[in-house]
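Each chain is listed here by its residues.
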Amino acid sequence: EAGVAQSPRYKIIEKRQSVAFWCNPISGHATLYWYQQILGQGPKLLIQFQNNGVVDDSQLPKDRFSAERLKGVDSTLKIQPAKLEDSAVYLCASSFTGRDTEAFFGQGTRLTVV
Amino acid sequence: KQEVTQIPAALSVPEGENLVLNCSFTDSAIYNLQWFRQDPGKGLTSLLLIQSSQREQTSGRLNASLDKSSGRSTLYIAASQPGDSATYLCAVRGTGNQFYFGTGTSLTVIP
Numbered sequence: 001e002a003g004v005a006q007s008p009r010y011k012i013i014e015k016r017q018s019v020a021f022w023c024n025p026i027s028g029h030a031t032l033y034w035y036q037q038i039l040g041q042g043p044k045l046l047i048q049f050q051n052n053g054v055v056d057d058s059q060l061p062k063d064r065f066s067a068e069r070l071k072g073v074d075s076t077l078k079i080q081p082a083k084l085e086d087s088a089v090y091l092c093a094s095s096f097t098g099r100d101t102e103a104f105f106g107q108g109t110r111l112t113v114v
Numbered sequence: 001k002q003e004v005t006q007i008p009a010a011l012s013v014p015e016g017e018n019l020v021l022n023c024s025f026t027d028s029a030i031y032n033l034q035w036f037r038q039d040p041g042k043g044l045t046s047l048l049l050i051q052s053s054q055r056e057q058t059s060g061r062l063n064a065s066l067d068k069s070s071g072r073s074t075l076y077i078a079a080s081q082p083g084d085s086a087t088y089l090c091a092v093r094g095t096g097n098q099f100y101f102g103t104g105t106s107l108t109v110i111p
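Those sequence lines, one after another, are chains E and H. Heads up, the first sequence is in this note's numbering, so the first residue is 1 and it goes up one at a time. Heads up, the second sequence is in this note's numbering, so the first residue is 1 and it goes up one at a time.
Just chain E, same shape as in the assembly:
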């Protein structure tokens, strides 16, 4: 079974530039998550999709971050404009819907803002 695919693996940008990350979840997984993991911390949920609808985006800095999941499959997360404090690993995860299901994570995108 193919896992969660993310690209790019690494990205270095200057502050105030824009950047986009892509995620392709495991086939059939209706729920998709984007997490931000700052060095030395646990992952923090940015946004949760159920199919192509947003379930929770309460911790997404909406003035600079946006995400979409058109057609309920793959998803993109965008930052515009980037700040130094956005330097982190951005993790995408997916799962089947249901209380008994397991989450699977991609390899992540390491973003460095200079």
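Incorrect hints may appear among the rest.
As the list claims (entries may be wrong) - Using 30 Å as the maximum straight-line C-alpha spacing, the simulated DSS-like pairs for lysine-lysine come out as follows:
| hint | chain 1 | residue 1 | chain 2 | residue 2 |
| --- | --- | --- | --- | --- |
| 1 | E | Lys44 | H | Lys1 |
| 2 | H | Lys68 | E | Lys11 |
| 3 | H | Lys42 | E | Lys15 |
| 4 | H | Lys1 | E | Lys83 |
| 5 | E | Lys78 | E | Lys62 |
| 6 | H | Lys1 | E | Lys78 |
| 7 | E | Lys62 | H | Lys68 |
| 8 | E | Lys83 | H | Lys42 |
| 9 | E | Lys71 | H | Lys42 |
| 10 | H | Lys68 | E | Lys15 |
| 11 | E | Lys44 | E | Lys83 |
| 12 | E | Lys78 | E | Lys11 |
| 13 | E | Lys11 | E | Lys83 |
Calculated directly from the structure, the hints in this document are not laboratory data. Predicted, not measured: the structure shown is a model, and the values here were computed from it.
Fit chain H to the supplied structure of chain E, relying on the hints for placement.
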């Protein structure tokens, strides 16, 4: 809001020792709890999933327990090996299907 705490933050043990990692959470209304392993610069690898109705799960040298009423889980690693060196994260799945993570325990197994 769910708060997840992991103790200790870092642990260093000699090869062959058995060890226990701890995870506590504040809201017992959870669907399940998952333990993950994270190697430097990598994503999260799922180790064990415990449903809210279960008390423990085992996989090889790993055993995870869950006491939902007291908001605690432990991950027991038997006969540790240098290859076990990594950061271990626990995550609880809330009733809104979101996952709340602890800050992790960084484990070093010394040959």
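Against the structure, the hints:
1. Simply put, E/Lys44 and H/Lys1 have alpha-carbon atoms about 13 Å apart, close enough for the 30 Å limit, and the pair holds.
2. Annotation: proposed proximity of H/Lys68 to E/Lys11 is violated, straight-line Cα distance about 40 Å (limit 30 Å).
3. For a cut-off of 30 Å, the pair hint linking H/Lys42 to E/Lys15 stands: about 24 Å separates their Cα positions.
4. At roughly 27 Å between alpha-carbon atoms, H/Lys1 and E/Lys83 fall within 30 Å of each other, so this suggested pair holds.
5. Restraint check: the Cα-Cα separation between E/Lys78 and E/Lys62 comes to about 10 Å, which is no more than 30 Å; the hinted pair holds.
6. Distance hint between H/Lys1 and E/Lys78 is fulfilled; the C-alpha atoms sit about 26 Å from each other, no more than 30 Å.
7. A threshold of 30 Å between alpha carbons decides the hint, and for E/Lys62 with H/Lys68 the separation of about 34 Å lies outside it, so the pair is violated.
8. In summary, the hint linking E/Lys83 to H/Lys42 is supported, as the alpha carbons are separated by about 23 Å, within the 30 Å threshold.
9. Of the supplied pair hints, the one linking E/Lys71 and H/Lys42 holds, its CA atoms being roughly 28 Å apart against a limit of 30 Å.
10. This hinted pair does not check out: H/Lys68 and E/Lys15 have alpha carbons roughly 44 Å apart, beyond 30 Å.
11. Distance restraint check for E/Lys44 and E/Lys83: the Cα-Cα separation of roughly 17 Å lies within the 30 Å cut-off, and the hinted pair is therefore satisfied.
12. Our distance criterion of 30 Å between C-alpha atoms is met by E/Lys78 and E/Lys11, whose separation comes to about 13 Å.
13. This hinted pair checks out: E/Lys11 and E/Lys83 have alpha carbons roughly 14 Å apart, not beyond 30 Å.
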